[in-house]
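Student: Just so you know, the sequences run in chain order A and B. In terms of the numbering used here, the first sequence opens at residue 1 and continues consecutively. In terms of the numbering used here, the second sequence opens at residue 1 and continues consecutively.
Just to be clear, a hint being listed does not mean it is correct.
Taking lysine-lysine and the DSS-like style, the derived pairs with C-alpha atoms no more than 30 angstroms apart in a straight line are [said to hold, decoys possible]: (1) LYS237/A / LYS257/B; (2) LYS79/A / LYS188/A; (3) LYS174/A / LYS257/B; (4) LYS174/A / LYS196/B.
Treat the hints as calculated values from the structure; they're not laboratory data. Given the structure is predicted, the values throughout are model-derived calculations rather than measurements.
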Amino acid sequence: MSFLTVNDVTYRYPNGFTAVENVSMSFEKGESVAIIGQNGAGKTTTVKMMNGLLKPTKGDVIIGGLNTKEYTTAQIAKKVGYVFQNPDDQIFHENVKSEIRFGPKNLGFSEAKIEENVMKAAELTGIVPLLDIHPYNLPYSLKKFVTIASVIAMDTETIILDEPTAGQDSLAIKRLGSIIDSLVQEGKTIITITHDMEFVVENFERVIVMANKRVVADSTKQEIFWNHDILEEAMLKQPHISRLSHALNLNEKILNIDQMIDTLKVIR
Amino acid sequence: MSGIEIRNLSYQYPTGSEKVLHNINLNIESGKFYAFVGVNGGGKTTLCNVIRGFIPHFFKGDISGEVLIDGKDVRDWDTSDLAQKMGFVFQNPFTQISGVKETVFDEIAFGLENLGVEVSVIKQKVQEIISLLGIGYIQDKNPNELSGGQKQRVALASIIVMEPDILIFDEPTSQLDPQGTEEIFKAIDIMKKKGKTIILVEHKIELIAEYADYVIVLQDGQIMRQGRTEDVLSHEDTQDYGIGLTQYTLLDLQMRKHNMITERIPITESDSIKVMKEWMSLQGVKA
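Using the sequences plus the hints, can you model the full thing?
Tutor: In structure tokens form, the structure reads like this:
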């Protein structure tokens, strides 16, 4: 049995709009997985069902043997942390430190454990200098790191990041990659929604593609980014270097610069 | 004279302890496309706020130097004239939706209504923008029920429908998928072809390389480098300012380290294909 299973799930919003239909996916402990697809494909709705923010209209989400339908959102929050797409949906404290303390405090951790987790999360995300600042006045990109730290401090087995790369500069994107790397090293399961294909290539092995409310592919990045039918169906493009290599007929499933250089060395 | 001239501009926020802009000198030529790039916190958004007169009209603080819009100091412009001269799309689309309109169509029409434009003209203009941005499928939806990417498109539509001479976009594609991002860049390109001056703050460097005429690199409130896009983005040391170069440029620079020397350093996909084909044929390989 998998660590986290989404089993044939459909979600219909109260206004009657169906956002996902018959979606299944499962995750193992310590896995890092990217979910890609167009706006409106159903990515956010799917992951919100994984931390109990939404309960499936049909089908089941099972986390560590628990069916999310039988537990409260607060109980599930101990298992799965979710970093919202819009940081303003998540921030409501007077300073960054209390913001990060809120999660672990709510989970009933001891004061010593709370302090330890807060400092660890702040160090990992590089926001120690911001701890006394009012989070609402921070720029969008830094707010996002505050919300990531808030979820890391809860020390959940699974962490879901919803478009962490949006609006980030190239240094911040590198920092996100190293945060994910550290968390995976600790054995955490990381599920990340992103539109940045280079970020996927650099940081993930497995990629789930969603389109039109469904999963259209779930495979390795090489298979996904060199399957033109799937990319077309999901209205996605290959990573830049793959596109170049395709245009040059290099006949290799090249994804990044290092692989391209290796291939070119052979040519020369 | 038309365009924007910035002379020795420095600025410090009223509550700030240090300057956020230092001695900025910049000429923005009418009808050209300028990309402001740099790490977050470098002053890109603040500079946009000065150009559009939000600083010092609404936000005080300590400002020195001058910003001339069509030869007239931004401080001497009437704020409503300035608002018609320049359109501004916010960084965070979640804050740009008015909240008082019940459909996307009405939301986009809101600005023109406020100017007292005739109803039939408003309808026609809104319809044009909706088809330009491909958002007809959401025109009857409530703006508050849209996804982040959809809100971003509506925010953009509600500004470009006003047809200001100068359009300032602060990360207009941050919430968009790759296809939506391309559509926005194409829409911006159409605005440029209509003779609008474009100022864009953006991190997606491959698209800047494709569309912008000039790149301005900001760091710690200073202009570190400025010039034609192909010059700024083909220099390896532009990375010293925290700018990611395009994958095509990075590949070429990496090839040079392995003694694989191409004729020139490309910045766009199409140029990279051309350069690589030439290099491969010199190696006796047909691409």
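Student: Are there hints from earlier that the structure breaks, and if so, what are their numbers?
Tutor: 4
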